[in-house]
Amino acid sequence: MPQFVAQRLRFQNGERHSLLQVPCGLPVHEVTLYLDKYRRRGRAANTIHSVCATLALLYRQLDAAEVNLLELLAEGRFLSITELDRVAAAAQYRVDDLEEDQSTVRKSNVVNIARIAMRRSKHRPERRAVDIQTQASRLRYIADYLQFISAYVGDGLPRDKRQDLEVDTARALAALRTHIPEVPRRAKLGARVGLSVDEQARVISVVHPDSPDNPWKRGFVRRRNWLIVVLLLATGMRRGELLGMQIGDIHPNQPKLRIVRRADAAVDTRTTQPNTKTGDREIELLPGIMRMLQAYLKERRGIKAARAIPQVIVSDEGDALSMQSIDKLFRQLREACPGLPVTLTGHVLRHTWNERFSEEADAMGLSEVTEQRARNTQQGWADNSETSATYTRRHVAKKGQELALKLQEKLDVTLDDKG
Numbered sequence: 031m032p033q034f035v036a037q038r039l040r041f042q043n044g045e046r047h048s049l050l051q052v053p054c055g056l057p058v059h060e061v062t063l064y065l066d067k068y069r070r071r072g073r074a075a076n077t078i079h080s081v082c083a084t085l086a087l088l089y090r091q092l093d094a095a096e097v098n099l100l101e102l103l104a105e106g107r108f109l110s111i112t113e114l115d116r117v118a119a120a121a122q123y124r125v126d127d128l129e130e131d132q133s134t135v136r137k138s139n140v141v142n143i144a145r146i147a148m149r150r151s152k153h154r155p156e157r158r159a160v161d162i163q164t165q166a167s168r169l170r171y172i173a174d175y176l177q178f179i180s181a182y183v184g185d186g187l188p189r190d191k192r193q194d195l196e197v198d199t200a201r202a203l204a205a206l207r208t209h210i211p212e213v214p215r216r217a218k219l220g221a222r223v224g225l226s227v228d229e230q231a232r233v234i235s236v237v238h239p240d241s242p243d244n245p246w247k248r249g250f251v252r253r254r255n256w257l258i259v260v261l262l263l264a265t266g267m268r269r270g271e272l273l274g275m276q277i278g279d280i281h282p283n284q285p286k287l288r289i290v291r292r293a294d295a296a297v298d299t300r301t302t303q304p305n306t307k308t309g310d311r312e313i314e315l316l317p318g319i320m321r322m323l324q325a326y327l328k329e330r331r332g333i334k335a336a337r338a339i340p341q342v343i344v345s346d347e348g349d350a351l352s353m354q355s356i357d358k359l360f361r362q363l364r365e366a367c368p369g370l371p372v373t374l375t376g377h378v379l380r381h382t383w384n385e386r387f388s389e390e391a392d393a394m395g396l397s398e399v400t401e402q403r404a405r406n407t408q409q410g411w412a413d414n415s416e417t418s419a420t421y422t423r424r425h426v427a428k429k430g431q432e433l434a435l436k437l438q439e440k441l442d443v444t445l446d447d448k449g
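Numbering (my numbering), first residue to last: 31 to 449.
Careful: at least some of the hints might be erroneous.
Below, in silico cross-link-like pairs of lysine to aspartate or glutamate (DMTMM-like), each with a Cα-Cα straight-line distance of 20 Å or less [what the hints assert, rightly or not]:
| # | residue 1 | residue 2 |
| --- | --- | --- |
| 1 | Lys247 | Asp357 |
| 2 | Lys67 | Asp294 |
| 3 | Lys328 | Asp310 |
If you're looking for bench data, these hints aren't it; they were derived computationally from the structure.
Given these sequences and hints, build the entire structure.
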């Protein structure tokens, strides 16, 4: 069965895009046309890739059911509700191999019998569900694409067939959209929170280059990863902002650095470019952290390949570090130190910074308005942004618990008086 994959592309001018294709085959033309509307609207490359990966899921499901979508539409017929139900069911689960894996894409017609036998002998893991937001987004993308391709093919059909197709399409897509789950706005239990003060201290202790618990062997990697964790905790920046930082963003004479948006930068050769989602801003560092950064830069200059690229954070071979490398860093950290939170990721450190910020604001007696404005400036959010609510759940919950207990204490007094 052909495997449809979402493949990332990088053009010479730095622009990133995605295509849906069968390995060793041409891109799916209709999907290319559809994705172009997102490109013309200036949507982020990662958004376009998410749409493309969702359509890979759709085409895989249709292929498994031996349904040729173009041939079906050319006959003036649309997908049946049963076929769409199967697609909707598949949208609930993770499909880890939707994106192209260069190590698994076939590059020749030679069949490795031993590898096939090994794959067949492996136990098939249980399917893991995606979160409700992802499921809802997938179904919306699929419905919108099917509407697009139905109209695209229908334009070339005789009038009677086109009208029949329009009726079938409207009826079937109405049924498909009933599968789109409502994303609950009140479900806060289990939502991501930052590290506690003790957990934060444990992480810093483990990643210190001289720590016996440090899971990395090479000296440069130890010092670089320590810097990564310290910068994420000290600034609250996103991993994409850290990986996009260039040498010129570091102030030569002051303990400051800049966070700059550089979408589709030609000087960034990574196919998946780490991006800054928030506004440009300047961040001030403590002199000690700046000295740590300068010491790293001095060591970085000793790597010949690194001197040819502007990105600050590099591998020990001199390549700009990828988003996957940051994920791997935290995975290795969790595996090496079982006492660390199982939820520990780079983004959890962003939540941690925001919670420490709230605690310091309370200690300083800042008003809620002043605190929000200060936070928005530091995080690159708009002045009137309410995004901070996403990152301060633990702090807000703690304050709520304190108030609730005070109410209960008063109730206890009342009950004691009644007794």
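For each hint, the structure was consulted:
1. Lys247 - Asp357: holds, 18 Å
2. Lys67 - Asp294: holds, 17 Å
3. Lys328 - Asp310: violated, 26 Å
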